[in-house]
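K.L.:
One letter stands for each residue in the lines below.
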Amino acid sequence: MPPPARLVPRFGLRAKVLVVALVLLAIPLAGWSYLKEVERVLRAGQEHSVIATSRAVATALHDRPKLLDLRARTEEAADEGAMPLPGGVRPVAPDSRAASEEILLIVQGLGRSSGRIWVVDRKLNLLAIAGGLKRIEPAPQPESAWDRFVTAPLRPFLERVLARPTEDFDDALPEAAIAGGRDVASALDGVPASRWRHTPDGRAAIVSAAHPIWHGEQVIGAVVVEETANAIQSLSSDALERLVTVTLVAFLIGGLTLLLFASRMSGRLRRLRDEAEAAIDSQGRIRRLITGTRAHDEIGDLSRSFSTALERIAQYNAHLESLASRLSHELRTPIAVVRSSLDNLRMQLPPDEARVYLDRANDGLARLTTLLTRMSEATRLEQTVREAERERFDAHAVAAGCVAGYATVYPAQRFEFVAPDVPVEIDGSPDLFAQMLDKLAANAADFSVPGAPIRVALGRRGSEAVLTMTNSGPPLAPEIAGRLFETMVSARKDAGAEPHLGLGLYIVRLIAKFHRGTARAASLPDGTGVVVTVVFPLAGA
Amino acid sequence: MPKRIAIVEDDPSIRANYADVLKRHGYEVSAYANRREAMAAFATRLPDLAILDIGLADEIDGGFALCRELRAMSATLPIIFLTARDSDFDTVSGLRLGADDYLTKDMSLPHLLARISALFRRADLAREAPQTEDLLDRGNLALDMKRFAVTWGGQPVDLTLTEFWIVHSLARHPGHVKSRDQLMSDAHIVVDDSTITSHVKRIRRKFAATDPAFDSIDTLYGMGYRWKSA
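Protein chains in written order, with numbering that gives the first Met the number 0: chain A, 0 to 540; chain B, 0 to 229.
In isolation and in its complexed conformation, chain B is listed as follows (with noise of 0.2 Å):
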């Protein structure tokens, strides 16, 4: 049974581009131009995955409102915010609000497609217990590779994809560094480099909430940034 995606998105080129690629590719599409229409058929039945803009026509924070609703809804539901939005602040409130990743508009298809699937396979997989094969581990780090999972310590870190991209373009040579550029690529984004300093940043937030001691990741200035081989 194919998979069911909801776009959310006010512009119909896109929301016509998007759905045709996403049909393409196997998966059964709704699209939606506002959040009255959207959150109306969410009501009658959930999809499987959820892409929302932000500035829905009228309402300039309407991809918001709808994410804290759909996230009430359902605390698995995969969603993802594609927008053209690209503040730090706008990243923040959407990922606080639940999102699972936050991409701007400059996203290719293929890369979209990529996330989607990738995060199709950590919702189907989030109840099977991991396959050692997959896994790649770092000391206190281990990170599943098939559900996009990672633990420090035994605990669980939850990190959207593109962080976990990172994390494991970092951790998988410790000791090497690696340049905002490469860490781009690894993660299947183009972004600036501010960008990559502000993700990074969350991503040693997120371990110290865990784990107050955490310092693995070096910055290097000039160069990139380091997992410390332990």
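This is chain A alone, in the form it adopts within the complex (with noise of 0.2 Å):
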């Protein structure tokens, strides 16, 4: 049966798996976003570690107002002409140079490698500033077998798509951050604070705690510790590298897991819907079950429940041509109560009335037992053709002797034989030969239009023997093309004055099968007619 037109693209079954797995994307999705949560733990924890700097250079600096009022003294006299020097940092007036060396030592003792420690006093002034906030790049890692040959080829993508922290950033201080910040202006407040702010060139972020220095009830003075994100940033551009490489390449085989299972699962649903097709045939016979498989899964299931139905199939078309015989047989008996009741009736001289009746009585009985008779030749025919002897014979001779004879059998139809003027040998018997002739010529004869010519052609094609009968009249309806050979199916429509069994085609695939050939039937490519071709193998082919 053509499969009906496709109005929807198809998907497949791997296409489908293939979309569901994308479900897959919230596994690095929830990774992202715990990365981007432990990001966020790391910069608070970050934050913490420089107030408590802060604070711990404050304590250093607490109850020392001599170093920061003389810084303030001295502070007052340069503020006047000192000129800001680039960056910002202005000046330390030079006989504030050993108060400032003070500080600077104290601050330089605390200061840590990666983190710059300022002091300002109450007026904004840098006293003192230490460190750095370059880090020194930490030495590349030997490189592991999985950088070598997952991480490398994807570098310049994750480049693209993952920021990392660069060490090439404007470090300077500016002013705007001395007397602009808002942690700056809340420790000369009294309150520590803390804010994360932006290198000048947006490179990096920095965080920034400010706690103030005490003088008794006095603020003095705020120390200013400032570190970049980098650190943390690196760690987490790290994790986040690792996450897009083993979400790839795990994407990678799980895709390509998915696609082969897939891939075996469609094929063998493929298999199995084309050895379901197959095993049908176009003249309706079970030609091989399905050799069920022995999947223990629900395709193995599905497979064997294919073979079971299939089998049952069979069972059933045996049944139905077995059903002709029995229901002969089964017949024969009443009919025959019938048929010597009427003889004796018969024989009794009836009225002429009752005469009229009997004949009519007759007249039934006779198309009953011509029904009989059709439908035992059918089964006979089983039977001559399990005994049957096999003898080389010219089909040619045979083919050409009965087209002759059936010119007195049809005297309504013309039938021309069409043949090569060559010996067609093929195995098996004339006399089955003939009858498969005499079948296909009185189906050809029952439905051509009267007067137009019945071709039969018989020739050999390669080591085949081609026999065609071709007569006009109406094509074949589809419904019942590929059933024509079955028992007891016919493609009559009106009830003729002969009874009809859809049993002629039935022996024509009999006798064909003896030979080892098949028959078929076929409209007219322009629908004038019907063509039944029988193939058989040439005798020694």
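No lab work stands behind these hints: they were computed from the structure. A portion of the hints provided could be inaccurate.
[To be verified] FRET-style restraints, in silico, Cβ to Cβ:
{"#": "1", "chain 1": "B", "residue 1": "Phe88", "chain 2": "A", "residue 2": "Leu326", "range": "18 to 26 Å"}
{"#": "2", "chain 1": "B", "residue 1": "Lys227", "chain 2": "A", "residue 2": "Thr307", "range": "56 to 64 Å"}
{"#": "3", "chain 1": "A", "residue 1": "Gln382", "chain 2": "B", "residue 2": "Gly153", "range": "35 to 43 Å"}
{"#": "4", "chain 1": "A", "residue 1": "Gln347", "chain 2": "B", "residue 2": "Pro11", "range": "19 to 27 Å"}
{"#": "5", "chain 1": "B", "residue 1": "Phe88", "chain 2": "A", "residue 2": "Thr307", "range": "31 to 39 Å"}
{"#": "6", "chain 1": "A", "residue 1": "Leu268", "chain 2": "B", "residue 2": "Phe88", "range": "45 to 53 Å"}
{"#": "7", "chain 1": "A", "residue 1": "Pro477", "chain 2": "B", "residue 2": "Ala208", "range": "50 to 58 Å"}
{"#": "8", "chain 1": "B", "residue 1": "Asp60", "chain 2": "A", "residue 2": "Leu326", "range": "15 to 23 Å"}
{"#": "9", "chain 1": "A", "residue 1": "Leu364", "chain 2": "B", "residue 2": "Pro11", "range": "17 to 25 Å"}
{"#": "10", "chain 1": "B", "residue 1": "Phe88", "chain 2": "A", "residue 2": "Pro536", "range": "25 to 33 Å"}
{"#": "11", "chain 1": "B", "residue 1": "Ala212", "chain 2": "A", "residue 2": "Gly458", "range": "32 to 40 Å"}
[What the hints assert, rightly or not] Computed footprint of chain A on chain B; a stretch qualifies when at least three of its residues, placed anywhere within it, have a C-beta under 8 Å from a C-beta of chain A:
{"#": "12", "segment": "5 to 15"}
{"#": "13", "segment": "185 to 194"}
No residue lacks a Cβ here, since even glycine has one placed at the ideal position from N, Cα and C.
Please assemble the complex out of the two chains, which come individually in their own frames, going by the hints.
P.N.:
Below is the structure:
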């Protein structure tokens, strides 16, 4: 049966499985948000540590007003003429150098390699500054196999997607950071504070914490500790990089596995479908049962239940085919009762009026008998075919004789025999071959337009003999075309005078099969008739 | 003295119908429903002709067994199988057991009566000398129309009535083609084409048993058969 026209694009099993696999994208998404969360926590931790450092520095400077007072005093003098240096660091007056150096010493002692500590007084004068924001970049780790084979090829892509922190940023301390920092302002008001800001060139994030320096109840200055978030950022971007590569690789492997799985599944299903389609051939015979697979899954089950269903159909077909013979046998006895009763009645010289009915009863009985004879013919033929002896004969001579004979059998039709005048030797039974021709001729004559020629052609094609019988007339109804050769299937619409059981072409099939051949019927391409083709192997082929 | 016919048939309606028609035609009829009854009766007295069904109630092949026993009792007693079974296998089995004819139950009663009287004639005349006016001579073939006896080159060929009628139909006009339908009506039977084919096959085999070179029956595929004019 032709597949229905597809209006919607067809999604195969594989495409569907892959679409479903997209659900797995949730996993890297979760990983990403988890990483972001960890980064946030780390940043908070860094903030705390920066605050702690600033507190520690401030503690070292608490209640040492001399250092800052001195500074305060000299600063007033320097205030007028001093130009701010680039970077906004104010110059330190020479006379305050000693105090400055002391602060610097303290600050340096507390300083960290990756942080910058500076001290301002109440007037926002920078008293000391130590350390730097730039980290020494860690020496590159020896490449692992993973890096070499997985990360390295992905690097260009990764670098485009992931922003890695850089140590190449502007680490100047702008005036705005000192004067405008909320943290500094808050510290000078006595409240420690922290804030995040970006470097002036925007390449790095900086966390800064300011802590007031107390003298008694009075704030005399503030300590500010700054650090970049580069350490955390590089950790997190490393982790992101790993996440991306692992995800990509896992996706690749998972996708391939799913694809393989889906391919295997759809392959098995396709094979099952093909087998199921091939199991019933165009003549409606169960040709070959699906090899019931031993797979212990649903497809195996499906295949097994297909086998069972096909087996049942085969049994049912066999039952149908034997039905005719059983029926004919069972009907014969009651018919004999009717016939012998009618014969008895007739012999008693009934009155003329009764004779009419007797005749009608006899007519009906005659038709019944014809039916029975036809029914048993197929059965008898099945038997004959089983027991028939094979001989080599010339099909050309048999067919020529038969076709010549049809002129008298079917006076209303014109039979033409078209065949090259060469012997067509086949192994089989000439009687059966002739019987097959008779059935084909009867069939063609029944359907042919009266007077139109019926063409019988016999030829050789390679190692095969091809017999065709072509009659003009109505084309085959498509719904019956495939079943014509089954028992008790008839395309005849009107019940003629002769009873028909649709056994003729069934007999053709039986005989063709006996000759190791096949029979099929088709409408002519232009729809003006029907051609029945029987193909069998030549003798010795 | 009327001829005695034994009918062994398990279906009571058919049995009664056959018995009635035979009685009406002057035969003395005894009907039996199964093999035991029939054998008990045959043990005391043999009939002049026996009509047997093959399947007898519970015995699927009861008729065959009966035929074997009857044939053992008498080599000449005409025996007819009248049965619903029409397979070649049953026909061959029945004839091989020594039955004179094998008929299916769709045989009409007039046809059956014709056969019965023919068989009686054959049995009665078997011992008398053939009379020339009833002989049909076609070279090696000689048909005795009265006794339904056939000889080939002087050798008797044992044909059933149906086979005899087929041979007669063919040999009456050598060289003429007889279609299967014509043969059927000449042999007083209603069967399908392939039954005629197997009848002809059996006839050929029987002649060939007497003379391996026998090939007087031509098959004309699509038309029928023809007796070769010598």
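K.L.:
Now look at each hint and say whether the structure bears it out.
P.N.:
Going through the hints against the structure:
In this structure the hint that Phe88/B and Leu326/A lie 18 to 26 Å apart at CB holds, the actual value being about 19 Å. Remark: the range hint 56 to 64 Å for Lys227/B to Thr307/A is upheld by a beta-carbon distance near 59 Å. A hinted range of 35 to 43 Å for the beta carbons of Gln382/A and Gly153/B is consistent with their spacing of about 37 Å. Roughly 20 Å separates the CB atoms of Gln347/A and Pro11/B, a value that falls within the hinted 19 to 27 Å.
The hint said 31 to 39 Å for the Cβ distance between Phe88/B and Thr307/A, and at roughly 34 Å that hint holds. Separated by about 48 Å at the C-beta atoms, Leu268/A and Phe88/B satisfy the suggested range of 45 to 53 Å. At about 54 Å, the beta-carbon gap between Pro477/A and Ala208/B stays in the expected band of 50 to 58 Å. The hinted window of 15 to 23 Å between Asp60/B and Leu326/A holds, with their beta carbons roughly 22 Å apart.
Taking 17 to 25 Å as the suggested C-beta distance range, the pair Leu364/A and Pro11/B conforms, at roughly 20 Å. For Phe88/B paired with Pro536/A, a C-beta distance near 29 Å keeps the hint of 25 to 33 Å intact. Between Ala212/B and Gly458/A the CB atoms are about 36 Å apart, so this pair conforms to the stated range of 32 to 40 Å. Judged by the Cβ-Cβ criterion of 8 Å, the segment 5 to 15 of chain B is covered by chain A as claimed, because 3 of its residues qualify and three suffice.
Coverage of a stretch by a chain is defined here by at least three residues with a beta carbon nearer than 8 Å to that chain's beta carbons; for the segment 185 to 194 of chain B and chain A the count is 6, and the condition holds.
Comparing the model with each earlier hint shows no violations; every hint is respected.
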